[in-house]
Amino acid sequence: MITLLFFLSSGLFLGWSLGANDAANIFGTAVGSRMVKFRQAAVIGSIFVIIGAVVQGAGANDTLGKLGSVSTLAAAFTVALSAAATVYWMTRLRLPVSTSQAIVGAIIGWNLYTNNQTDFNTLTKIVTTWISGPVLGGIFAALLYMLTRKVLNRVRFHLFYRDVTIRLGLILIGGFGAYSLGANNIANVMGVFTTAVRFPDIHFGIITLSGTQQLFAIGGVAIAIGIITYSKRVMETVGNTLMPLTSEAALVVVLSQALVLFIFSSQSLSNALVSLGLPPIPLVPVSSSQVVIGSIIGIGLLKGGKQIKYKVLGQISVGWIATPVIAGIVSFFLLFFIHNVFKQDVGFKTITHPAPVSQQQASDKLNAADTIVMHQAKQINKPVQNREGESSLNYGWIVSMFLLIVLMGVVYYFLLREKKMQVSEQEKIDDLENLVALKAKSLEQEMEHYKEEHQNLDKELKYQQKEMVNMAMNIIRKYEIVGQIKEDINKIKKSVKEDEARKALNKVILKINQNLLLDRDRESFQMHLEEHNSNFMHRLSEAYPGLTENEKRLATLLRMNLSSKEIASILNISPKSVEMNRYRLRKKLQIPPKENLTQFIRSF
141 MITLLFFLSS
151 GLFLGWSLGA
161 NDAANIFGTA
171 VGSRMVKFRQ
181 AAVIGSIFVI
191 IGAVVQGAGA
201 NDTLGKLGSV
211 STLAAAFTVA
221 LSAAATVYWM
231 TRLRLPVSTS
241 QAIVGAIIGW
251 NLYTNNQTDF
261 NTLTKIVTTW
271 ISGPVLGGIF
281 AALLYMLTRK
291 VLNRVRFHLF
301 YRDVTIRLGL
311 ILIGGFGAYS
321 LGANNIANVM
331 GVFTTAVRFP
341 DIHFGIITLS
351 GTQQLFAIGG
361 VAIAIGIITY
371 SKRVMETVGN
381 TLMPLTSEAA
391 LVVVLSQALV
401 LFIFSSQSLS
411 NALVSLGLPP
421 IPLVPVSSSQ
431 VVIGSIIGIG
441 LLKGGKQIKY
451 KVLGQISVGW
461 IATPVIAGIV
471 SFFLLFFIHN
481 VFKQDVGFKT
491 ITHPAPVSQQ
501 QASDKLNAAD
511 TIVMHQAKQI
521 NKPVQNREGE
531 SSLNYGWIVS
541 MFLLIVLMGV
551 VYYFLLREKK
561 MQVSEQEKID
571 DLENLVALKA
581 KSLEQEMEHY
591 KEEHQNLDKE
601 LKYQQKEMVN
611 MAMNIIRKYE
621 IVGQIKEDIN
631 KIKKSVKEDE
641 ARKALNKVIL
651 KINQNLLLDR
661 DRESFQMHLE
671 EHNSNFMHRL
681 SEAYPGLTEN
691 EKRLATLLRM
701 NLSSKEIASI
711 LNISPKSVEM
721 NRYRLRKKLQ
731 IPPKENLTQF
741 IRSF
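Add 140 to the 1-based position in the sequence shown for this note's numbering, that's all there is to it.
Treat each hint with caution, since some may be false.
Computed list of lysine to aspartate or glutamate pairs in DMTMM-like fashion (alpha-carbon distance at most 25 Å, straight line) [to be verified]:
| no. | residue 1 | residue 2 |
| --- | --- | --- |
| 1 | Lys716 | Glu706 |
| 2 | Lys734 | Glu706 |
| 3 | Lys727 | Glu706 |
It should be emphasised that the hints constitute simulated quantities derived from the structure, not laboratory data.
Construct the entire structure; sequences and hints are all you get.
Written out as structure tokens, the structure is:
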């Protein structure tokens, strides 16, 4: 039992990888957008992937069996390990992979090493589905997307019901997608073991599980474990790599993928088409990733094709071509290693020629000679091969050397490509770092220059503000002194009785008033006031277009924190007039009664 589990480990690892990665094609959008919880998606996916593997997994497995019936347990282990190693290695190289293509390439590698014939009709059928699967997914996606848009345009869902409908649809379609994934891709995981491992049938009343179904159930559990243990990271990061998708488009993509996988694994549907006189459906494992990509491209082309990232599509195509080639090479050399180092039977095809009856004596002599040779071979512990075996071994060595050279070339190419990419990325990073450093230095210099200019401007503004305040204070003191002089003259005028003296005093007062009206200091102050507060007055005019020039001048004086009495002295009006102007200004500025007018203007 332990030996059996060891040989099955490569298939279980491949199943775990399939569940960890391809489950994102089914529930990735739903979990990433928080429409469905991961625990709910994992439970639904695990249950239905096992059901699909057990109920409908035999269809795709039969086609793989026609391509190459791996006859021994050691060979099955090696083939599955080759596919798993290829998937892992190419994933490390950031190349798109397909477990379906990897297992097909590994089986062909087994055919080449063991001299088993590859059925090219079956191979052609499989390769055709690698193209027709994505194309069919694109057609389904385009049709379903148009139908979905028409339904949504005609039926106006409430936002709540729309959300509930999408959630329910994601759960139902996700379950169908998990069923189809298990039905179609279980052959990749356990198909190579079905010939080498024979389990007795198990009867559960009316239900009977064959040995193949038991193997598929084990593989389905491995896929389920991959979904539960590792697919959450992939689901949460899956997104708009090839093209951004809406929630409706994502729903359509998942449904299209599930339909294609179901079609290529349904024996009943294929038989129904045959009964109608139509050609049967090729029951072949199809890569869910390829079908998803085809579905996305179908929707993208329907929208005009501008959002499709064709460079990414080209890289994916290169990965599709390289995967089966590398898997076949890896399988060939691992089989050579297992066969010659561990002396395991990997399923060589033996070639026998029966002896004619007329040559019975010659045959007896040949058998006797073979017995002697075999006895000598046992003495020296060396395997004996017939001429066909020797020619087969020579042929194997030639093919091995050729494939080794090809494999080394492929490995060298990808390593060189990865190194160039790393060097290129490092150069880009260095260039960006240098550019950022230069920009940072330039910005630092500009900030220093700006800071210096700001300090100088601040000093200048403070000096000008101080100068304006001093000028205003001088004007105020001047008017206070002149006002006192006028009061003194009026007192003198009252005490003087001569008319001529009183007339002379009136002339002095008149001159003082005329001089106050034509005061150059006031004109200069108002000119400086408007010049140094032009930005403030401009902002005030834009915010409140109805203000007069006198009101804007009053607001500017209030901004200098001058009192009504001081403003009255500067404007040569009475304090009562200033208070009236303040009231009108407050009304036009729409300031609440409790708010201070001066503070509002100073913070404007």
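Now the hints, each set against the structure:
1. Lys716 x Glu706: Answer holds: Lys716 to Glu706 is near 12 Å, not above 25 Å.
2. Lys734 x Glu706: holds, 23 Å
3. Lys727 x Glu706: holds, 22 Å
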